[in-house]
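Protein chains: 2
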Amino acid sequence: MTKKDRLIYLPLGGAGEIGMNCYVYGYGPAGKERLIIVDLGVTFPDMDSSPGVDLILADTGWLADNADRIEAIFITHAHEDHVGALALVWPDLKKPVYARKFTAAIAMMKMEEQGQPRDAVHIVQARPERVEAGPFEVQFVPVSHSIPESSALIIDTPAGRIVHTGDFKLDGSPVVGEPFDPEQWHGIAHEGDGVKVLVCDSTNVFVEHPGRSEATLAGPLSELIAAQEGMVVATTFASNVARLKTLAEAGRSAGRTVCLLGRAMKRMTSVAEETGVLSGFPGTVPPEEAAEVSRHKLMLIVTGSQGERRAASAQLSRGRYLGLEMKEGDSFLFSSKTIPGNERGVIRIMNAYSEMGVDVIDDHDGLYHVSGHANRPDLEAVHDLLRPKILLPMHGEHRHLREHVKLGIGKGIAAELAVNGMMVDLTGNEPDVVEYVDSGRTYLDGSVMIGAMDGVVRDRIRMALNGHVLATMITDEDDQPLGDAWVELMGLPETGRSGTKLSDGIEAELAEMLSDADDRLLRDDKKLEDAVRKIVRQVAMEEIGKKPEVTVVISRLLVE
Amino acid sequence: MTKKDRLIYLPLGGAGEIGMNCYVYGYGPAGKERLIIVDLGVTFPDMDSSPGVDLILADTGWLADNADRIEAIFITHAHEDHVGALALVWPDLKKPVYARKFTAAIAMMKMEEQGQPRDAVHIVQARPERVEAGPFEVQFVPVSHSIPESSALIIDTPAGRIVHTGDFKLDGSPVVGEPFDPEQWHGIAHEGDGVKVLVCDSTNVFVEHPGRSEATLAGPLSELIAAQEGMVVATTFASNVARLKTLAEAGRSAGRTVCLLGRAMKRMTSVAEETGVLSGFPGTVPPEEAAEVSRHKLMLIVTGSQGERRAASAQLSRGRYLGLEMKEGDSFLFSSKTIPGNERGVIRIMNAYSEMGVDVIDDHDGLYHVSGHANRPDLEAVHDLLRPKILLPMHGEHRHLREHVKLGIGKGIAAELAVNGMMVDLTGNEPDVVEYVDSGRTYLDGSVMIGAMDGVVRDRIRMALNGHVLATMITDEDDQPLGDAWVELMGLPETGRSGTKLSDGIEAELAEMLSDADDRLLRDDKKLEDAVRKIVRQVAMEEIGKKPEVTVVISRLLVE
Chain A
-6 MTKKDRLIYL
4 PLGGAGEIGM
14 NCYVYGYGPA
24 GKERLIIVDL
34 GVTFPDMDSS
44 PGVDLILADT
54 GWLADNADRI
64 EAIFITHAHE
74 DHVGALALVW
84 PDLKKPVYAR
94 KFTAAIAMMK
104 MEEQGQPRDA
114 VHIVQARPER
124 VEAGPFEVQF
134 VPVSHSIPES
144 SALIIDTPAG
154 RIVHTGDFKL
164 DGSPVVGEPF
174 DPEQWHGIAH
184 EGDGVKVLVC
194 DSTNVFVEHP
204 GRSEATLAGP
214 LSELIAAQEG
224 MVVATTFASN
234 VARLKTLAEA
244 GRSAGRTVCL
254 LGRAMKRMTS
264 VAEETGVLSG
274 FPGTVPPEEA
284 AEVSRHKLML
294 IVTGSQGERR
304 AASAQLSRGR
314 YLGLEMKEGD
324 SFLFSSKTIP
334 GNERGVIRIM
344 NAYSEMGVDV
354 IDDHDGLYHV
364 SGHANRPDLE
374 AVHDLLRPKI
384 LLPMHGEHRH
394 LREHVKLGIG
404 KGIAAELAVN
414 GMMVDLTGNE
424 PDVVEYVDSG
434 RTYLDGSVMI
444 GAMDGVVRDR
454 IRMALNGHVL
464 ATMITDEDDQ
474 PLGDAWVELM
484 GLPETGRSGT
494 KLSDGIEAEL
504 AEMLSDADDR
514 LLRDDKKLED
524 AVRKIVRQVA
534 MEEIGKKPEV
544 TVVISRLLVE
Chain B
-6 MTKKDRLIYL
4 PLGGAGEIGM
14 NCYVYGYGPA
24 GKERLIIVDL
34 GVTFPDMDSS
44 PGVDLILADT
54 GWLADNADRI
64 EAIFITHAHE
74 DHVGALALVW
84 PDLKKPVYAR
94 KFTAAIAMMK
104 MEEQGQPRDA
114 VHIVQARPER
124 VEAGPFEVQF
134 VPVSHSIPES
144 SALIIDTPAG
154 RIVHTGDFKL
164 DGSPVVGEPF
174 DPEQWHGIAH
184 EGDGVKVLVC
194 DSTNVFVEHP
204 GRSEATLAGP
214 LSELIAAQEG
224 MVVATTFASN
234 VARLKTLAEA
244 GRSAGRTVCL
254 LGRAMKRMTS
264 VAEETGVLSG
274 FPGTVPPEEA
284 AEVSRHKLML
294 IVTGSQGERR
304 AASAQLSRGR
314 YLGLEMKEGD
324 SFLFSSKTIP
334 GNERGVIRIM
344 NAYSEMGVDV
354 IDDHDGLYHV
364 SGHANRPDLE
374 AVHDLLRPKI
384 LLPMHGEHRH
394 LREHVKLGIG
404 KGIAAELAVN
414 GMMVDLTGNE
424 PDVVEYVDSG
434 RTYLDGSVMI
444 GAMDGVVRDR
454 IRMALNGHVL
464 ATMITDEDDQ
474 PLGDAWVELM
484 GLPETGRSGT
494 KLSDGIEAEL
504 AEMLSDADDR
514 LLRDDKKLED
524 AVRKIVRQVA
534 MEEIGKKPEV
544 TVVISRLLVE
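Residue numbers (my numbering), protein chains in the order written: chain A, -6 to 553; chain B, -6 to 553.
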């Protein structure tokens, strides 16, 4: 460590939102630090702010510009908000990727799907195995979460030890994977100079009670499923392999044949079995066999806990799906929490089932679902266990990060609220914000990447709110109107207040304007477009009380 | 009551959704029943299903077709989902409107705003005053809710007594308005033949604990506000006048000057004071005076508890508003529940405040908000109190109605799940579904009413998801292309995978297609449009992985 070297932290996604995780650490001379990336995740679009978009990624422009400084990419676990952008961004970075076996298997599949090399992904064993990446030495420490092999990272640097928790909870009996091991963490906290910086999950900082173990669900789920008379259908995240196992075991112990429905379900359990993280999963049957089983002897475990329109839960709520159908007397269990923003989709499914006479059971008492994240008392326990000098809350909306900072400061830890784009110098005993880097969002839209601020999505939202009028006109060799202007409407009522067709009304006003127009106006594309647009909007406002988006096309015939 | 007369119930809105309440009762010979309407409410649009729409109403086509049979319109209370459509629908019905004083005042304002006659609205006193409307005699019975003067209706008919609860809760100390009076309800249940039909609010049927009184909030709110050091800003529904009073009193007792912010706040409290339902509201100051008060001595009560973008809470979250500004150390209290579907907007505001250093306090422990609806044990208490022969759950999504039916059947009451459009014969001892009436939704879009199924909004959603391409071409007198086709994009990325402009790529393919086109294609508008659309979508799919909406305009120059 020379005098001028520094240790930096730069979140590019996930700090100020839940989802889209992307964190950078650097060590070296200012502006020339060698870098590692932790996680490359996505977040999901919605109609309010990103209609038509397929996926949302952190803007990795800064990473691409500094690709020559990047040593490696580490993935903490295989959730989409941590690994979903890897294969999309990798071509701009082309650096080795490190992950544990299950995570690596998912990452490799994603690389392959995008035509990128699988072998860029390297499998790492859990601590004590170390990965050297420039000035960094990184170890993967098993933590519990809601997917197999979630890991915290221990990042040793010449300036001290960083613990990057990834997503985690404290679970002494997680059903799948290693239980929380206070001994191991005590060791991590007391090796060498101990923990300098804790970069810590914040999503559940407002949840006051200690987190509950995955194992607490087995009893209530078994009782619930045993008590049902018709077919039982349960949904949860496909990646929550421990939950799938608990559900399937509860089904089997109630004498039911179990069938997994939805592509992701089968993919996740296969990868978990192939990579050895899952064993003893009860036997399941494919849908075509399930359709032959009498319904009181059948249990389906299906995708779509968030109400996704194309997932199995939504398909079943609309009728027959892969030969299976819900009926009166069946029950549907959400072994899941509705993520804020997904309520409408989930409620739509609940009501569709209600119409079928299906009993819907949700998690309102916490009996049938536990969170995968550390709650407030758990976060405090981790602070106490690791006693870091510096706390940097990550993975949370601004309000979560702020609350987590307060919690740390209350314990005498130097905590800093760093959101996406804020570069923090961690070299000294206090975090120091040294730079603001352009950060933001990139959209995968169809097969193309567009910037969130490019205006493309803004135009879509405008068309959705205001409708779209398209006005065309032709001028002759002398720039005189040839025939009348022509108007087409999209997303607008045909008839206005006057009772005449809106397009007729607009065309009549345009005809009048054009007949009065002087040559200066007629020759100037920009002015003529503005004049046409103004009339369209005026007539629309009078007739239908809306100002639509307007596209004007002027075709000028030239002398040949 | 002649042998052939029947008593019918027909929900047109609110039965299968929360909001948009509209219920019809009829009595007389089948198909010639004389009718009354209870409530004419709206519901609110969202980007997912109704972008650009201003308000959503029940389709009142059936009512308009049968206007000559309608005797009167009764409004139970002044919430938008009960009175919001009155002035919009009234011109098609033109029947007398009855409501209690406060509700009538709001209804009259709405009539006036829409240019309809105020004096169509008649003020009715609470029971024992009776309104005769054809074969019906109707009384308004005060119930507690979250707005002044909410009323249940007692509808006496030759076939027996109906109790239509409206929205209600059981509150012995509602702060504003009359407390729940078991004596009065006992009387209603035991007059004459008792209650034949209970038509009952269902929104909170899944809430297991008994409802809490509005009065329980005064203590916790006073303590909370007294403990704050900076400015305190609280939000709740403007129509919840009791809550406004409790909040304002808590502010005053903490030595704070109180200011109401947002048009609806002032309107509701003025109407409540003018109509005598509210008295003793603490003095408030206008915003310009509030701006002069030091912030630890100031409390704002503001609109926008649901995160509405234009309400005061959102305005303050974006910066200075009417001379007032939130700062670090201030607190913002949601004395409200987030209605499902509004989470994103509310969370957006919470995070904006977090960025300002403002502490956000919400209702996660129920200390600072109580619901205005009867919970499950309260519904059971009402069943027990009224002992109706027939139960018709209303105002709820399908799942709420279904659960409420189960609750009634469990008590030995003949309960029927009737959703919008189902006409139920109530003449006998059991409800009997006799007809299905076309029901649905009408949108107020700008100043025009459009049917939800007209395709207008569907086109907007498509443009939002897929973008819009507009292709224009001109043909000469011989139907030969004159120049090249021209393409404009809206809501689509400019550049595709090949790196060339998407519009150039499409135009090149169109030029090629047109140069090869035979006369039969060129002369047929429909075929030519389809051919152009197909090419646009093909090229877009290749270049950007999306199939846009396409509007084709073919201008044919004619021999003059």
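Don't read these hints as lab results, they were simulated from the structure.
Accuracy of the hints is not assured; some may be wrong.
In this list, chains with the same sequence are indistinguishable; a pair is considered to hold if it fits within one copy or across any two.
As the list claims (entries may be wrong) - The calculated lysine to any residue pairs, modelled on SDA-like cross-linking and capped at a C-alpha distance of 25 angstroms, are:
#, residue 1, residue 2
1, K330, S508
2, K527, D471
3, K527, T468
4, K519, T268
5, K404, D523
6, K494, M446
7, K404, L437
8, K494, R451
9, K330, V353
10, K87, Q118
11, K25, A60
12, K520, E535
Violations among the numbered hints
As far as the earlier hints go, 1, 4, 5 and 7 are violated by this structure, in ascending order.
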